[in-house]
Amino acid sequence: MGLLELLSALLLLVGAGFYLAGTVGLLRFPDVYTRLHALTKADNLGLGFLTLGLALQAESLAAVLKLLLIWPLVLAASAAVSYAIARRAQRLGIKPWRRPSES
Amino acid sequence: MSAILVRGLLFALVWWILAGGRADGWGVGLVFVVLALLVSLRLNPPGQGHLSLPGLFGFVGFFLVQSVRGGVQVAAMALRPRLALAPAQLEIGLRLPPGPATRMLTATLSLLPGTLSVQLEGDRLRLHALDGRLPIEAEVRAAEMRIARLFGVRL
Chain U
1 MGLLELLSAL
11 LLLVGAGFYL
21 AGTVGLLRFP
31 DVYTRLHALT
41 KADNLGLGFL
51 TLGLALQAES
61 LAAVLKLLLI
71 WPLVLAASAA
81 VSYAIARRAQ
91 RLGIKPWRRP
101 SES
Chain X
1001 MSAILVRGLL
1011 FALVWWILAG
1021 GRADGWGVGL
1031 VFVVLALLVS
1041 LRLNPPGQGH
1051 LSLPGLFGFV
1061 GFFLVQSVRG
1071 GVQVAAMALR
1081 PRLALAPAQL
1091 EIGLRLPPGP
1101 ATRMLTATLS
1111 LLPGTLSVQL
1121 EGDRLRLHAL
1131 DGRLPIEAEV
1141 RAAEMRIARL
1151 FGVRL
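For the record, the sequence lines run as chains U and X.
Numbering-wise, the first sequence is residues 1 to 103 according to the numbering used here.
Numbering-wise, the second sequence is residues 1001 to 1155 according to the numbering used here.
Hints are not guaranteed to be accurate.
[To be verified] For each label pair, taking beta carbons as the anchor points, the in silico distance ranges come out as:
no.: 1; chain 1: U; residue 1: Ser101; chain 2: X; residue 2: Gln1048; range: 46 to 52 Å
no.: 2; chain 1: U; residue 1: Arg99; chain 2: X; residue 2: Leu1030; range: 18 to 24 Å
no.: 3; chain 1: U; residue 1: Leu3; chain 2: X; residue 2: Ala1076; range: 26 to 32 Å
no.: 4; chain 1: U; residue 1: Leu3; chain 2: X; residue 2: His1050; range: 39 to 45 Å
no.: 5; chain 1: X; residue 1: Ala1019; chain 2: U; residue 2: Ile94; range: 41 to 47 Å
no.: 6; chain 1: X; residue 1: Leu1134; chain 2: U; residue 2: Ser101; range: 40 to 46 Å
It is worth saying that the hints were derived from the structure and are not from the lab.
All of these numbers come straight from a predicted model, not from anything done at the bench.
Glycine is no exception: its CB is placed at the ideal position from the N, C-alpha and C atoms.
Using the sequences and the hints given, assemble the complete structure.
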């Protein structure tokens, strides 16, 4: 295994780890707003590592650029969609979950 | 005129990338490049000022570092055995001029550590924070400054 493959495998694993954490957050976090945090941050970072890892294995310049283009495009979509969901939740009057005060 | 040329070339480059560098798809590609150009000119007419190139590099660097911070922070929160969330909502008055700059900031903040944009109205932005005990406003101001530089605006 060459150094490039090793680095690529490492990046893919790190990416998968962030996806896992994002999904755990989606399942564990208490309301729509906190869940959006998990998706927009952990999953996006996971995708960044994933595309970087795959780009190291790509066979042509166009393939590398395509993989690197995916990240900002998904980020833009992710930011727009999470804003749309959060704003709609707010309009529907969904109150953000608050930590129960410890008395 | 130059805006049309620059955008056209940019969309052609994107098509070339999407087509994987192959030459036989340019017929379809040309149609989509023209369509993308028309949509872009309609949604974002030229002549609203230029993006600054040094500002762009600064923003990208800032964004990459913050993305890692945000991802690590939320991953750590999700994986802790006991959830330590302390969400809060806050409203911040932006200093950026309303329009593309505030929209860009709204989108960016959702991807940065601890903040989620909930509603932008004029220059007032309502945010949801994962942990209200963190210095949210300072982070917002830092992002705002980067975006001001990107758009060549003085705050």
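query: Which numbered hints are broken by the structure, listed smallest first?
result: Checked against the structure, the hints that fail are numbers 2, 6, while the rest are satisfied.
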